[in-house]
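Protein chains in written order, with the numbering used here: chain A, 46 to 218; chain B, 621 to 847; chain C, 67 to 815.
Since the hints were derived computationally from the structure, they do not count as laboratory data. Don't take each hint at face value.
As the list claims (entries may be wrong) - DEER-style ranges, computed between Cβ atoms:
#1 C:L325 x B:A757: 48 to 54 Å
#2 A:G59 x B:D644: 47 to 53 Å
#3 B:G637 x C:R399: 30 to 36 Å
#4 A:Q84 x B:G637: 52 to 58 Å
#5 B:S764 x C:T753: 52 to 58 Å
#6 B:R633 x C:A306: 38 to 44 Å
#7 C:R399 x B:K803: 16 to 22 Å
Claimed, not checked - Which chain C residues face chain B? A few, computed with CB under 7 Å, are given here:
#8 F243
#9 R294
#10 A297
To be verified - Which chain B residues stay away from chain A? Per the calculated CB distances, all over 10 Å, these:
#11 P651
#12 M658
#13 R688
#14 R749
#15 G753
#16 V755
#17 A823
#18 A826
#19 A827
#20 D830
#21 E832
Cβ coordinates follow ideal geometry from the N, Cα and C atoms, glycine included.
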Amino acid sequence: MSVSFALLGLLENGPRHGYDLKRTYDDTFGRDRSLHYGQVYSTMARLLKNGLVEVESEPGDGPDRKRYAITHAGITDVAEWIGRPEKPEPYLQSTLYTKVVLALLTGRDANEVLDAQRAEHLRLMRELTRRKNDGDLADELICDHALFHLEADLRWLELTAARLDRLAARVRP
Amino acid sequence: MTDQPLLVADSLRLNFGETKALDDASLHIWPGEIVALMGPSGSGKSTLLHCLAGILQPESGRVSYDGRDLTAMSDSERSALRRGEFGFVFQFGQLVPELTCVENVALPLRLSGAGRREAHRTATDWLERLEVGDVGAKRPGQVSGGQGQRVAVARALVSRPRVVFADEPTGALDSLNGELVMKLFIAAARDTGAAVVLVTHEARVAAYSDREAVVRDGRVREQEYAR
Amino acid sequence: MTGRSLRRWIFELGLGARMSVAGGRAGWARLALIAAGTGVGVALLLCLAILPSALEASGARETARTEAIDSEREIARGDGTMLIGIATTTFGDDSIHGRMLQPEGSRPPVPPGVATLPKPGEMLVSPALQRLIERNPVLAQRWDARIVGTIGDEGLTGPADLAFYLGTDTLDEETGFRIDAFGHRSEDAGVDPFMVLLTAVGMVVLLTPVVVFMASAVRFGGEARDRRLAALRLVGSDAAMTRRIAAGETLAGAVLGLLVGAVLAVGAVLLAHRYGTGALSFFLADMRPVPVLVALIAVGVPAVAILVTLSAMRRVVVEPLGVVRLSHTVRRRLWWRLIMPVGGILLLWPLTGGLGDSPGSGTIEFQAATGVALLLIGLALLLPWLVDAVVHRLGGGGVAWELAVRRLQLDSGTAVRAVSGIAVSVAGVIAIQGLVSGIETQISSPGASSSAQSWHQILPKTELPVTTWTGALRETPGIQNVETVRLARATREGVETIVRIGGCKALVTYAVLPACTDGDAFTVNVASTGVFDIAGGGQWTAPASTRDVTAIDQLVDYGPMLLITPAAAADKFPPGETRYTVTLDRSRPDALEQLRNAAARLDPQALVIDPDNTAVADVLRTMRQSLLIGTIAMLALIGASLVINMAEQMRERRRVMAVLVAFGTRRRTLSGSVLLQAAVPVLLGMTLAIGFGSGLAALLMAAVEAPITVDWFGIGTTSGMAALVVLGTTAAALPTLLRLTRPGNLRSE
Ligand SMILES: Nc1ncnc2c1ncn2[C@@H]1O[C@H](COP(=O)(O)OP(=O)(O)O)[C@@H](O)[C@H]1O
Ligand SMILES: [Mg+2]
């Protein structure tokens, strides 16, 4: 899911060839999970079909000659995705990370991304806190477990916010 | 719900030498709501709280409370306002060490002119409400951190303020004690209808609020009013 | 002790010393305070150690230049003799030592500091007198002589000594003394035991607060130190180690204080040399401290400092946690604090029967001084207990009161230590004031005030015609009435009586006369009827109107006396010694000096008696004044230490203060609590001090057999001063308070 938005977002700064796209993705988000070429092309095919990208063919042939460019609809979709806080759940750092980096890459306000997410987290935490304080011991224990996890996420959000400048310098050399 | 905010900070600026502690900070507090002020350390949360409470005077901008301009008041008028309408909880070092706990709680009432006996009776009730009825005769040095902080909460609420300012009230406590203090604090504040401005960097503490405002580099990002 | 444990000792003392400076600015400030406090004390002690030898040296110089007059031995005129006349005079309030010298041969004795004797019409003056003459032309006219040189240092008691030698050829065996040497071998007349007692008590009264002050000085910053050491104790240093570390810390301050004190004492010596006057003017070479006393100070001050520290450490050693958490205090015990005052009373009690007249035995004075010292130190010891006991019974009241009382309950030590200094001074001063006024009432007659008619008397030594004197006096500017009193002697039933013959205006200077016209006669201490045998022949019968009256001034013991107006005397008495009585024009400030000039020019040996100046009362007044000055200095010192204590306490409590201000506490309430916090101990201290002081005064008055009275004046002034100290302290602490209650102090770090 987030891979397609990530690829789409990477196109915002200009059209790219497929292999170029894969390399940039790997550099920026890949870490230990680099993309297969096949994954790139299949994703692009889907995005093409949905009208979010278009292909600029260059002279010559073969798949490598295709350059992908983002459409207006694509830009709107990316913006909408970045701006929308994720539903707080465990292990969503990779998605958030992708969003923050993309925001930085595309000149959007990454702080806003983080703040929106923080608000979403807090909203859930409030609810859990309320449930905990109204409920019995079992509720309390269960809610606390969730709360501690959410709190860990929030700490991560905070740290990321504090390190945005360094991150920006790294992804936009 | 009233349609007028109780406490408004409007474009506050305050520098400490080179440091811009507040840089165009604005905030609205509505009656009875609990607002968490979050943000990294050094971002200006405490400074904003002190300005809102009339302890510090901003260099520019306005703070108004209930339609009155705090920044235009004299020091003694602001003191009187703090005595009568505001309550405070700080992180530590806030109880007067030589007074007993019940005397500490009675202090705001006595400052506003209440008689000793009556003040002590009210103070004792509040200590009980915060589940520290047994430490009344002890001095702060003789009680635990969590108990001390609950005494401090009792002291902040005893005069039935309309706004309670709390700066990292659980900062020096472990999570269990912190939770207990927050639970009792917020329940009591909701009971009395006091608005709370809660400075904290802990999400679980902030979760007791109705909404949060994030302070970053002396500016406030205020969340939409959520209720 | 093994070498290893010695090394550990030294290490721990050194650790303490290092800790005292390693505390950053606060550490240095504390060290500086201790050094300054002990320094001032040490300087005072050193000055007191210098005083005896300096007084002795200047006394020796005085003896060396005093003519050797021996009433037992008749000196025959010879080649080595000289006639001298006593020409000592007064200028303003300063006494000027003066001698007329008239050699009778070729080898006359020469006073020290003089190379060649002045010839008639010449004079030698001391440098100080020379300067005085240069500044005051009136004084230059006093002697009909030319200044030909100055007296050398060997012949002077101090740099400010006023002295002169006047060459003359007018003396004869009647008007001068014959001497063959200078250097008076005194067979100690013995000092008045009252004065010895006064001096001893005065020393104790001044010394005790110094000691108390030093004891509180070494505890400056003690609260912070206690907490630091308690922390050390918590991390595992044992009680003995903690004590040694504390001792090391204090030692650093005390040693520094010794240095500071030495420097200050040298400064005081230089000042005394430069500006000292009268009896307190000494040559530099004479101001050598008594070595034993110096050694005592050098060893005693650090020792006392360490003892005080160790006793103060009790709390840290006993319950380190309590110190760290400011939770509860050690209650003070009463019994051992009573030992000293009870001992003092036991020592003083036997004296209440009276001192007797046995001078110089020393034991009684020692007993009195020890008793007084014990009582005063006992007062300093009792005060903390009293404050503790009282404060724990206090309650109620407003917020300021509550804050102050609770603070004192938690820790009254700091405030009380400073106050005990005040209390000791005040008790001492009240005791001394009481004693002095007791002695005063004893020696001055009830009617003494009527002598304030400002009649000046002139007692000539050389016989000159009466008209010479009256003529010269009448011509002197500023002199208004000139009256003469002729002296004669008479006996009645074996009682020898002095007879004074003069006008009514002159006679009122001797006795309280109900009414007087020419022809009246009065008697003092002698029957007012009967026939008197006149010395030199003849008889005089007291007229029927003769009345018995009381003499004016009992300071001078007139004995039996006949006061007779010229008409009543009826020329029955032979011509005799005549005295002159004049009044001065008060509007002329130099009238008195003109009178002295006129008298000295006619007869340098003539004595001019100034009614405002009565010797004993003067000594007492000086004593009282110097005590008062000493006390004021002490109080200032103590006020300073109170301010320091209070500022320190407030600095430690700055966050609490800031929180209180955040709560909307009025600054008035806070300042009020600061004021009360200082006032309560001072009030208690004053009460105790007034009680002790009055009791002590009563004991001492009983000892000198004076009627026991309460010295309300002394109580009033000292209480007023103490109140001033409290107010001053509070005022001085207020800026700190305002600074500390700024909201910046709300920040956690
Ligand atoms: N009294 C003061 N003097 C100097 N600098 C101050 C003072 N109070 C605050 N600051 C500075 O202002 C900034 C904001 O401080 P503060 O409001 O205490 O931050 P926060 O409470 O968010 O941690 C910080 O950089 C801090 O160092
Ligand atoms: Mg803060």
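To see whether the hints hold, each was checked on the structure:
In this structure the hint that C:L325 and B:A757 lie 48 to 54 Å apart at CB holds, the actual value being about 50 Å. Separated by about 36 Å at the C-beta atoms, A:G59 and B:D644 break the suggested range of 47 to 53 Å. A beta carbon spacing of about 53 Å between B:G637 and C:R399 contradicts the range 30 to 36 Å that was offered as a hint. With their beta carbons about 55 Å apart, A:Q84 and B:G637 fall inside the hinted range of 52 to 58 Å.
Checked against the hint of 52 to 58 Å, the C-beta distance between B:S764 and C:T753 comes to roughly 41 Å, which is inconsistent with it. Take B:R633 and C:A306: their Cβ atoms lie about 58 Å apart, and the range 38 to 44 Å is violated. Separation of C:R399 from B:K803 is about 47 Å and departs from the stated range, judged on CB atoms against 16 to 22 Å. A least Cβ separation of about 76 Å between C:F243 and chain B goes past the 7 Å threshold, and the interface hint is therefore violated.
Annotation: C:R294 was flagged as interfacial toward chain B, and the flag is violated, the nearest CB pair being 17 Å apart, outside 7 Å. Using the Cβ-Cβ criterion of 7 Å, the hint placing C:A297 at the interface with chain B is not satisfied: the shortest such distance is roughly 15 Å. Annotated as non-interface, B:P651 keeps its C-beta farther than 10 Å from every C-beta of chain A; the closest such distance is 19 Å. Distance to chain A contradicts B:M658 as a non-interface residue, since its nearest Cβ pair spans about 8 Å, not more than 10 Å.
For B:R688, the non-interface assignment is confirmed: its Cβ lies about 31 Å from the closest Cβ of chain A, beyond the 10 Å cut-off. With a cut of 10 Å on Cβ distances, B:R749 stays outside the contact zone with chain A, its closest approach being about 16 Å. Every CB of chain A lies more than 10 Å from the CB of B:G753, the least distance being 21 Å, so the non-interface label holds. The beta carbon of B:V755 is kept farther than 10 Å from every beta carbon of chain A, the shortest such distance being approximately 24 Å.
Distance check on B:A823: its Cβ comes as close as 4 Å (rounded) to a Cβ of chain A, failing to clear the 10 Å threshold; non-interface status is violated. Against the 10 Å criterion, B:A826 falls within the reach of chain A, whose nearest CB is about 6 Å from its own CB. Some Cβ of chain A comes within 10 Å of the Cβ of B:A827; the nearest lies about 4 Å off, and the non-interface call is violated. Chain A draws B:D830 into its interface by the beta-carbon criterion, the shortest separation being 8 Å against a cut-off of 10 Å.
Taking the minimum C-beta to C-beta distance to chain A, about 6 Å, the non-interface status of B:E832 is violated against the 10 Å cut.
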